[in-house]
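**Q** The residues making up each chain are set out below.
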Amino acid sequence: MLSFIVRRFGLLIPTFFGVTLLTFALIRLIPGDPVEVMMGERRVDPQMHAAAMHRLGLDKPLPQQYLDYIGKLAKGDLGESLRTRESVWHEFLTLFPATLELAIAALLFAGTLGLLAGVIAALKRGSLFDHGVMGLSLAGYSMPIFWWGLILIMFFSVSLGWTPVSGRIDLLYDVEPVTGFMLIDTLLGDEEGAFLDALRHLILPAIVLGTIPLAVIARMTRSAMLEVLREDYVRTAKAKGLSPSRVVFIHGLRNALIPVLTVFGLQVGTLLAGAVLTETIFSWPGIGKWLIESIGARDYPVVQNGILLIACLVILVNFAVDVFYGLANPRIRHQS
Amino acid sequence: MTSLTTPLPVDQSLLYPSPLKEFWRAFSHNKGALAGLLFMLVIVFCALFAPWVAPYSPSEQFRDFLLTPPAWLEGGQGRFLLGTDELGRDLLSRLIHGSRLSLIIGLSSVVMSLIPGIVLGLVAGFFPRLIGPAIMRLMDIMLALPSLLLAVAIVAILGPGLINTVIAIAVVSLPSYVRLTRAAVIGELNRDYVTAARLAGAGLPRLMFITVLPNCMAPLIVQATLSFSSAILDAAALGFLGLGVQPPTPEWGTMLASARDYIERAWWVVSLPGLTILLSVVAINLMGDGLRDALDPKLKNAA
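Chains G and W, in that order, give the protein sequences.
Read left to right, the first sequence gives residues 0 to 335 (numbering that gives the first Met the number 0).
Read left to right, the second sequence gives residues 0 to 302 (numbering that gives the first Met the number 0).
A couple of the hints might just be wrong.
As the list claims (entries may be wrong) - Here's a subset of chain W near chain G, in silico, CB distances under 7 Å, partners left out: (1) ILE134; (2) ILE140; (3) LEU144; (4) ILE156; (5) LEU240; (6) ILE262; (7) ARG264; (8) ALA265; (9) ILE276; (10) VAL281.
Said to hold, decoys possible - Derived coverage of chain W by chain G (criterion: at least 3 residues anywhere in the stretch with Cβ under 8 Å from a Cβ of chain G; other residues may be distant): (11) 86–93; (12) 146–153; (13) 204–216.
As the list claims (entries may be wrong) - Non-contacting residues of chain G with respect to chain W, defined by C-beta distances greater than 10 Å in every case (computed): (14) VAL5; (15) PHE23; (16) VAL34; (17) PRO45; (18) TYR65; (19) GLY78; (20) ILE202; (21) ARG245.
Hints in this document: simulated from the structure, not taken from any laboratory.
Even for Gly, the Cβ is constructed at its ideal location relative to N, Cα and C.
Can you build the whole structure from these sequences, using the hints too?
**A** Listed below in structure tokens is the structure:
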């Protein structure tokens, strides 16, 4: 098992360097030169221009620039934002819990509902419920989620007034950021109603972000369950006289979960991309909104290293999924 | 013994059907796929003949009819079937003209990623020692970034606009073509017919494009359909984020972005563009499912 993990980890290294090459190239591919772009429309005095190029290290040969970049990364220096003068790493750390909280809520929503719908659809194959689930999941994974968010806001927030339109919590509450997770922080604090308010802020964004994973998980669970229910060991379990729920959940679902979990892992990338849209619609102060705002403001250090950080996150999650997969399925572990 | 005097009528079911007929039989069996095809034909028709189909020009502003509701609602006008937007432009006309952009973006980005994807995939399959793994590592790196984020990053460099949107989406969907082609090529290379072609003296380009490639097309056609639908979604998402096609061009996602401010008083400017995107994407996905079942029965339960 250990050698499997080490081998998989070894594959991460070239991928990591590849991503750094990509983010390194990002800044150099901007038409014109970065200093002019960062200065905007103003005319730049040539002397200042040269000084800025020198300060940013852009006057050195390219390989030297790349090595400098890697060296800085190795020291944990991700540069600082041009807008706020804060370090990129620090900004990432403050905003990331918001995205993580949203993503976890979305996955919980998608996972529970998707597994349930998928199992029932598989058990009642060909029924109205089955067709309903398949139809809805087709609509779900075809969904332009930025529009879906607007529609939900229009219905639940504007017409019914049930949920707030944007943000993580009402301005009335002054929550001490201890963990960065609003739901936990409001519980730790003693303000009455703060937790419920945070929860109400979270519901719609979580549903919007969870919609595509929900559709994919429901479909995947259904087809995996259909496959498993045909297996001999399920027939044996039934023949032994086990209760139907035991057959379905212990003998069936547990084996159907392996492909479903892989899909779960693959959805993390989708989730982060969806977070960009969801956070923009709901003004959710997470890394997705941060990245889009930085692009709008031409804050290149943030764009460059924000993308690097997100890519690393995806790579690590995929690695974790692989390891987990290896644990669950020995056949994968022993492949060369 | 009597010999048969009348020749037996040829049993039609024993004749080998033409591949096209066989494909159509399987495809038309799938009702969803047919519905999708029908819907897409309507969209394609609208796109091709937009200036004649649309009642007005997409940029004509009727200043006396700002935010008119659709015709069937109170206050609606018969001349503006789906109502007007915040500048008094006819929504139906803008949606019809928007179909042009979505189809152009979808089509050109598919072509722009399909062709290099096939070439890279063939090269990766034919040269498994050095070039192949190098190409595949590169594709892994591209897959490490969520597709929309990579597209956002590319547009951030190149600047927003129609052509850059197409480039970004094409780059993003490249890896899946390369992987699919390579996997199919590796499966085919050990077949006898390839060995036979090699022995007969077929050169490398002939082996690649004429011998092997046609046998790898089924999954590629399916993937092309699916990436067509995700191209439309991604283009709309970029437009919505303000990074895609710029207003006043009537792109569906861009229309949604400018409609956001009227969410409280004009539901139609928000709902209708998104509904159009959703229906088109559903239609294409239905067609893709039908194509997959018809072309490649092995894949039926894979996705």
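**Q** Confirm or reject each hint.
**A** Verification of the hints:
With its C-beta approaching chain G no nearer than about 12 Å, W/ILE134 sits outside the 7 Å limit, and its interface hint is violated. Satisfaction of the interface hint for W/ILE140 is found here, the shortest Cβ-Cβ separation to chain G being roughly 4 Å, below the 7 Å cut-off. For W/LEU144, the interface hint holds, since its Cβ comes within 7 Å of a Cβ in chain G; the closest pair sits about 5 Å apart. Taken as an interface hint, W/ILE156 checks out: its beta carbon lies about 5 Å from the nearest beta carbon of chain G, inside 7 Å.
The restraint placing W/LEU240 at the interface with chain G holds, with a minimum CB-CB distance near 6 Å, inside the 7 Å limit. Hint status for W/ILE262 relative to chain G: holds, with the closest Cβ pair at about 5 Å, below 7 Å. For W/ARG264, the suggested interface contact is broken, since its CB lies about 9 Å from the closest CB of chain G, more than 7 Å. Here the hint on W/ALA265 is broken, as its CB sits about 10 Å from the closest CB of chain G, past 7 Å.
Residue-level restraint check for W/ILE276 holds (minimum Cβ-Cβ distance to chain G is 5 Å; threshold 7 Å). For W/VAL281, the shortest C-beta to C-beta distance to chain G is roughly 5 Å, which falls under 7 Å, so the interface hint holds. Given a C-beta distance limit of less than 8 Å, the hint that chain G covers the region 86–93 of chain W is violated, as 0 residues qualify and 3 are needed. With 5 residues having a beta carbon nearer than 8 Å to a beta carbon of chain G, the region 146–153 of chain W meets the requirement of three or more and the stated coverage holds.
Residues of the region 204–216 of chain W with a Cβ under 8 Å from some Cβ of chain G number 0, which does not satisfy the need for three, so the listed coverage is violated. At roughly 18 Å, the least C-beta separation between G/VAL5 and chain W is larger than 10 Å, which holds for a residue marked as non-interface. At roughly 12 Å, the least C-beta separation between G/PHE23 and chain W is larger than 10 Å, which holds for a residue marked as non-interface. Taking the minimum C-beta to C-beta distance to chain W, about 15 Å, the non-interface status of G/VAL34 holds against the 10 Å cut.
Listed as a non-interface residue, G/PRO45 keeps its Cβ farther than 10 Å from every Cβ of chain W; the least gap is roughly 25 Å. Non-interface call for G/TYR65 relative to chain W: holds, since the shortest CB-CB distance, roughly 15 Å, exceeds 10 Å. Interface exclusion of G/GLY78 from chain W stands, the closest Cβ pair being 16 Å apart, more than 10 Å. Every CB of chain W is more than 10 Å from the CB of G/ILE202 (nearest about 18 Å), matching its label as outside the interface.
No beta-carbon of chain W is positioned within 10 Å of the beta-carbon of G/ARG245; the least distance is around 26 Å.
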